[in-house]
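If you want the building blocks of each chain, they are given just below.
Number of protein chains: 2
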Amino acid sequence: MLEKYINAATRRKKADLVLKNATFVDVFTGVLRKGDVAVVGEKIVGTGEYQGETEIDCTGLTVIPGYIDGHVHIESSQLSPEEFASLIVPRGTTTIIADPHEITNVCGMAGCEYIAKAAKNVPLDIKIQLPSCVPATPFETSGAVLAGKDIEKHINDEYIFGLGEFMNYPGIVYCDPDVLKKAEAAHAAAKIIDGHAPAVYGYELNGYLCAGISTDHECVTKDEIEEKISKGMYVHIRHGSSTQNLGNAKHINQKNMRRFILCTDDRHAADLKEKGHLDDALRRLVADGVDPVNAVICATLNAAECYNLKWRGAIAPFYLADLVAVDNLKNFNAKYVIKSGKLVAENGKPLFDTSKRYLPENVLNTVHLKREMKAEDFVLTLKGKKAKAMTIEPGGVVTGCEIVEVESKNGDVEVKGTDLLKLFVVERHKLTGNIGKALFKGYGFKGGALGITIAHDSHNIILMGDDNASMAKAANRLKEIGGGMVIVDGEKGEIHSLTLDIAGLMSSRDAESLQADSRALIEKAHSMGVKRDYEAFMSLAFLSLAVIPKLKITDAGLFDVEKFAFTDINA
Amino acid sequence: MLEKYINAATRRKKADLVLKNATFVDVFTGVLRKGDVAVVGEKIVGTGEYQGETEIDCTGLTVIPGYIDGHVHIESSQLSPEEFASLIVPRGTTTIIADPHEITNVCGMAGCEYIAKAAKNVPLDIKIQLPSCVPATPFETSGAVLAGKDIEKHINDEYIFGLGEFMNYPGIVYCDPDVLKKAEAAHAAAKIIDGHAPAVYGYELNGYLCAGISTDHECVTKDEIEEKISKGMYVHIRHGSSTQNLGNAKHINQKNMRRFILCTDDRHAADLKEKGHLDDALRRLVADGVDPVNAVICATLNAAECYNLKWRGAIAPFYLADLVAVDNLKNFNAKYVIKSGKLVAENGKPLFDTSKRYLPENVLNTVHLKREMKAEDFVLTLKGKKAKAMTIEPGGVVTGCEIVEVESKNGDVEVKGTDLLKLFVVERHKLTGNIGKALFKGYGFKGGALGITIAHDSHNIILMGDDNASMAKAANRLKEIGGGMVIVDGEKGEIHSLTLDIAGLMSSRDAESLQADSRALIEKAHSMGVKRDYEAFMSLAFLSLAVIPKLKITDAGLFDVEKFAFTDINA
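Residue numbers (our numbering), protein chains in the order written: chain A, 1 to 571; chain B, 572 to 1142.
There may be inaccurate statements among the hints.
Stated by the list, open to error - For lysine to aspartate or glutamate, the following EDC-like pairs were computed, each having C-alpha atoms within a straight-line distance of at most 16 Å: (1) 826/B / 291/A; (2) 34/A / 990/B; (3) 605/B / 226/A; (4) 575/B / 353/A; (5) 1017/B / 973/B.
Unchecked claim - Stretch by stretch, here's where chain A covers chain B in the computed footprint (C-beta under 8 Å, at least three residues): (6) 616 to 623; (7) 797 to 804; (8) 817 to 828; (9) 938 to 944.
Since the hints were derived computationally from the structure, they do not count as laboratory data.
The C-beta atom is built at its ideal place from N, Cα and C for all residues, glycine as well.
Here chain A stands alone, though its shape is the one from the complex (with noise of 0.2 Å):
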């Protein structure tokens, strides 16, 4: 193949593919440059003046290397790989370090081997990375345990790219002996471990680092973003749907900035499909000021670096041809893209058959209950007048704790006619019959019950509503469909329900028409009460995350994160 590519490059043969007369962005020396840009195969083979077997004119475009998103879950689309991908390739993106954490919480292995195995069906390189944090906490039931020895048998899986985010920081500063065994497996395979450190600041953060943990994307202020570069983590600038801090860009300078890559974490649908994925981020940093070159390098060169990814990031001889041909380092509007030297999107379609999917039998039907549901099982039985109800802020995932006055009736909490509603975790992996119980107040709703297979981060079942009856529909439901999202409306007698058939928390169909039913869910969900400041079911989804403050409800009970300890919901 070599002798291929230098034929060419010295221009005694043709290019496969040659994009002609364009400016492009040299990630080098942080210039423009124009020129035409030669592809045999998969690689770029030299920029100056060449023929190709195939021309595209990029007169007037700005051609830069295909994005490289640092981290992400891909579950957080709600979409399969290959949705997803047929999502982002046409914006521009090309290579994405996926953290497989919340399909691998439900399937174990089979979750990670599942995205490999759908990344083949698209011409996006999907780069693996093991969930170190499986589960995220010992305070619920998950689908599966990642231990020490699991990480030690599969970092040297063939398609696992490094570990994922160590979210578990307590566990690596305080020396928990096989959260240690997971970072000393990845080194022992010389991979690398990506970090998750919110306001770990000084001795701590050394102690962290010394796990051997390069990236951080949890960084937000100036001084926490110094002290992790000063210590050697790539810091990302994040541009998910609701967590973001693009406002780290403006600490960068010329003598950091090689530390700097972006990434988009958790990105919904819909804001894939409307704004964009890493080209809305660069769209919006240069808004904000910054460079359009320093941009473009923090979102190509800087993460192949960081990940190692050689021969990727750059637009240079023996280069992987992942480009994206620009209408202006402005808008950052995607005309053409190319991935490993195939024009695979052009003005923002994808130009490969997006209705392939693999989908195997161990990621679907997920949803296990160790016997169908009845209204009895909803019953709340309290000791006397007070209890404790969860809060939350809207657009928020930290919860509060209020002591409620309560009414009971027949042993089990009367909540019709107050701003109260039943809260349930219903364990869905191991039929362990856990049912954590709980209550929330101000969510609005009413005559009825929600429930949703997406919780953070064990994905059981959580329910919230103000009826025994139809909270057990709900989830008999949800076992029915493997999964998704209902809505039971106890008046009318009706059910309505979204199936997230994949691991109970991504769908097999493409976007547009998961979308079109998921906002009829969600308008049936304010129709019912449920307020407009609320996601209607995304906001349940967190109820479950015992690593947030404050008040927190699992299958195993509610959990007072401050104390890091159950506590009884009697108050």
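With chain A's structure known, arrange chain B on it following the hints.
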């Protein structure tokens, strides 16, 4: 081990070693910081305020990461790897990328293995590049041949780091299959390939780079540097004894500076001893106006990134504790050198045992002659009265060709009483009995013979003189001592020699006594007429390098480099 690091990083336990009260270079943000640098085992565990089992007061000193020499031939020092380390480690160099091209031309893979094993005696990381061009040309007889299949076999040897400088750029650009096989083998093994592409530009450079070549240490002009960096190469700033391009540093700017690294390539023992190694390069760069922190970054982090030496080249948690405490960033006088967490040099003196030598049989006694040489072997019969004679500019390696008038007697050219000398290359590896014969004009030597077993790149015997019997004596003495340098004073009947027992290239002795003897021998050569402009012996060593214009002599005959063909001595 992670537990020990973390416990010390978080100050729950004392560190092994702490450099107290230091100013240290933060290569990630390009600034100087103040604090203690704590070390456990071979790793840095943190910066801040620390206590250690051992503490070194660095008040007033500046701590920088150990220097990385991006490209060096140890053989050029004429010292063993151990003695070489004893000179450069106290200067602050802790890692070198060594290309044992010379010894491999003599000894084959045994030469590479020797360097790798000798390295274990000293606190210096010697990363071995498998020489890509053995022999350098097909126009001479070398001690070994590493063909494509040999590179395929050995590139995966455990101690091989990458593929050494690819000097045969025509072989790449014109797609010699065996040459490309070497590059393909390196890529299959995911190993880096060093380049060597003097004045290669444009489409030819594109072709060369399409073999996947990462570096160039031959750059000299602004345009060449800019083009090579923009096409993805790392550019070395070279501080050799004869070849230097420190001026490359003028072209560093904040946008391209991550792509510059330092190297020495070929550096003589006297320079190492008297002037220094990369410390001397840094000193000169800063004196020339280069920002001191940028200069340090080139010598450390940049080289680590170029050569994918993860966790090296910075002062941060989990990085290898290779550290140099210098007086300041102007003089770079190394007060303390720490290698992998151990204090290995202080005040310029090694603290390690410098007397150990690994000396395997297969790198000794490498001068093999078909039979004892006799005076008549050095008869040079010419057809007429005109012949081609080589010339050389003092201080250079480019030779000239001059047509000279000659007189012969008894079928042997008569050089006595002229400014001509006879010049021979006697094959010393394969018992071929080959003797290449030439004339040289203007060296000044009279009354005997000079000989040396360093003759780039195949290192046959080069002999020069005006007396056939002295020539034979010189050759026989070189065989007897196993290689080195010899001078025969035909009139006095004296033979003086200096042994280079390791492959005829390097001495197993200490630098000091070797240099004293070497100086005496050189003085003797000058006393016999060698012009002071020449380096007496070392100026001979490049007369056989048939890739550098214009006229060269190998064991196979006189070679016209411009015509790239052998040529007749008769003009």
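Unmet hints by their number, sorted upward, for this structure: Hints 2, 4, 5 and 9 contradicted; others consistent.
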